[in-house]
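> Keeping their order, the protein sequence lines are chains V and X. Every letter in the first sequence is one number past the one before it in the numbering used here, and letter 114, counting from 1, is 114. Position in the second sequence (from 1) plus 1000 gives the number in the numbering used here.
Hints in this document: simulated from the structure, not taken from any laboratory. There could be a bad hint or two in this list.
[Claimed, not checked] Sample of chain V residues lacking proximity to chain X, with all beta carbon distances greater than 12 Å (derived):
#, residue
1, T43
2, K47
3, I58
4, R73
5, T116
6, T229
7, D293
8, N390
9, D447
[What the hints assert, rightly or not] Computed beta-carbon distance windows for the label pairs:
#, chain 1, residue 1, chain 2, residue 2, range
10, V, P92, X, H1068, 55 to 61 Å
11, X, S1230, V, A9, 32 to 38 Å
12, X, A1186, V, L183, 47 to 53 Å
13, X, Y1216, V, R241, 34 to 40 Å
14, X, H1068, V, P217, 56 to 62 Å
15, X, D1065, V, A9, 54 to 60 Å
16, X, Y1216, V, R427, 48 to 54 Å
17, V, D16, X, V1145, 49 to 55 Å
18, V, S462, X, S1230, 50 to 56 Å
19, X, A1186, V, A9, 37 to 43 Å
20, V, E346, X, V1145, 51 to 57 Å
21, V, S157, X, E1206, 44 to 50 Å
22, X, P1115, V, L292, 35 to 41 Å
Keep in mind that this is a model prediction, so the values were computed, not measured. Cβ atoms here follow ideal geometry from the backbone N, Cα and C, with glycine treated the same way.
Okay, here's what each chain looks like letter by letter:
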Amino acid sequence: MTQLFGAPADLQKRLDRAFNPRTVVVVGDKRAMGYLWLNCMKTFDGKVYSVQVDPNEISGIEAMGVLNYKSLRKVPDDVDYVVCAVPRPIAPRIIADCVEKKVGAVALFTSGFAETETEDGIALQEQITQMAREAGLLLIGPNCMGIYNRRLGVRHSTDQPAGDPGNVGFISQSGTHCINFSLVGALRGVKCSKTVSFGNAVVLDAPDYIEYLANDPETEVIAMYVEGTKDGRLFFDVLRRTARRKPVVVWKGGVTAAGSRAVYSHTASLATAPAIWDAVMRQAGVVQTESLDETIDAVNALTYCKPGTGARMGLIAMTGGQSVVITDAFERAGLEVPLLTSASYEKLSSFFNIIGGSYRNPLDAGGTIGMGFAPGNLQKLLEILEEDGNVDAIAMEVGASFIARRLRENPALLDQLVETLASHKNRSAKPFVAIAHPGHVEDVMADIRARLIARGIAVFGSFQAGAQALRRTIDYWRARRDLN
Amino acid sequence: MSVAEVIENARSEGRTLLTEVESKQVLHEAGIAVALAFLAHDANEAAKAADKAGFPAVLKVVSPDVAHKSDVGGVRLGLDSKDDVERAFDDIVAAVKAAQPDARIEGVAVQKMAPAGTEVIVGMSKDSQFGSVMMFGLGGVFVEVLKDVAFRIVPLEPKDAREMVREIKGFAVLEGVRGQKPADLAALENLILQVSEFIEAHPEVEELDLNPVLAYPDGAIAVDARIVVS
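Just chain V, same shape as in the assembly (with noise of 0.2 Å):
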């Protein structure tokens, strides 16, 4: 798709104007849809306009405080981006008036195209696609929810965080991934910087995005999901590249043979063997994960851990049956639980209570820290794992659910173990990982799990989703350190 559209500093100019557009145009929102687009960018601070001829939806859109136009081509200002929501057929007179007017790129939320599997779809598909390249417009989809600049408050669901700057980027194939990483993921601590949600892809495609996010500084981070590609060289050699600038998480879907099944009815792109893919994905040097929780677990290791390759763990947790649990967990997913140094040992050997712990490695230490919340202790274990040979990185039990009722009631107690772990990671060269498994006491918990990550720690729902999480990360970056 590239050369479409000259060098590629070109198009990365281009991409750059509609992802950080100053106008904005939405085309065909409705009262039916809620007004979705227009709401969608009552956040965006720049200049919007509507374009809307139907008068019954004219008079909802004045009512917003939006000028209307009848046509993209009266509207007065240059257009960066355009959404545009009329149905099918008429789309192809407003990709016509994109061009005239010279517009960054439209994305186009309208569907009804090849992914119908129809005569009619396909043929009008084809029309667009044919007009846009041939006039060189950067088009968005079809059958897609386009652009979301966190930063500026250019979104495609309302209920997307914005204001702020970002550094996840995120690029989906299916709308309904791309909004739920950023919801779900803003949940858990996941700033996006840009997502983009491209459908069928029919002018720009995945290479062509990643490459953007590649070269855009607010990303630091890149993560997408994917069904398929229509050029898997141009996407591995894309992919390759940048994993060797910044972390690439690649969450494939359409894995199973049903699932390929459904992967051709939904944006129409060949599948390819399992094994393939999985060989592919390794050569590039990117992430895989399966699924979103998958997804924002291992963006959130790769954004918040420090970057390590060693495997071995020093691992803290609360009691005797965690501590077993822990191990099983880390261990499984390939990661050591070594024995300490002795010079660990003749330390924690000087203060570590015994009765009802032990400190070889787990060390079960609810006693000795009291639970989390003796914040002398707990700086005393942390430092000594930090001083530890034997030990790459550090993983531990936070906040047993058992006693998250005392938190309640006294919220000081958790300010402390927040301070403590914080000025640890800050102080460590290890990556760090804390677990807070959900209990009976939800809130307590998740609140637990939003003071730390918003702390810049790395912070899971499961010892299997912490370790699994770590683990990618050092994959991750060990490809990078073995590459010649």
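Chain X: place on chain V using the hints.
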């Protein structure tokens, strides 16, 4: 003959499958370690070829119609003298004619028998999305039953070959089990990278099978080879 000439010759005969002799010849030209084979049309030529290749010799029927050579009596192993080779030639021709009377027999391939080693497979096929995909695995049941193979797309970097060899579940076999010495992993990686380069240089190669490659504590060599061109 150069690679291009060998392929041209096969095409002129309406073939896309290169014979074992041809396949090995082009791989040898590319610097890849193969047990070279020579085509003999009669018993006398076979004996001369064995003298050139070295003893003990192996003879295999060359026929575009025979898929599994040993099933039709088309293979003789461990031949220590010219006499043995001459006799084996006649035996093979007779056996194949008996088993598959309509098979065209172009001759017999003569090569030196390689000493026993750990059997591995290096292959390439085309994927509609990613183009040339290389495969590596241990020979026999590991590939056929357990599907214990690693894939990478061409061109490979040294890192890819390194990972490929270590990624298979049966890697411990290459590290040496039951008192066996470890296989020469560097030689295997090198062979994989050479094949990758060969494929990159010859996009007309549609399929390639080195099966088996024998891995030794010092080196590795492909003892059978099969190439399909477009």
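> Any hints from earlier that this structure breaks? Give me their numbers in increasing order, please.
When the structure is compared with the hints, numbers 6 and 22 turn out to be violated.
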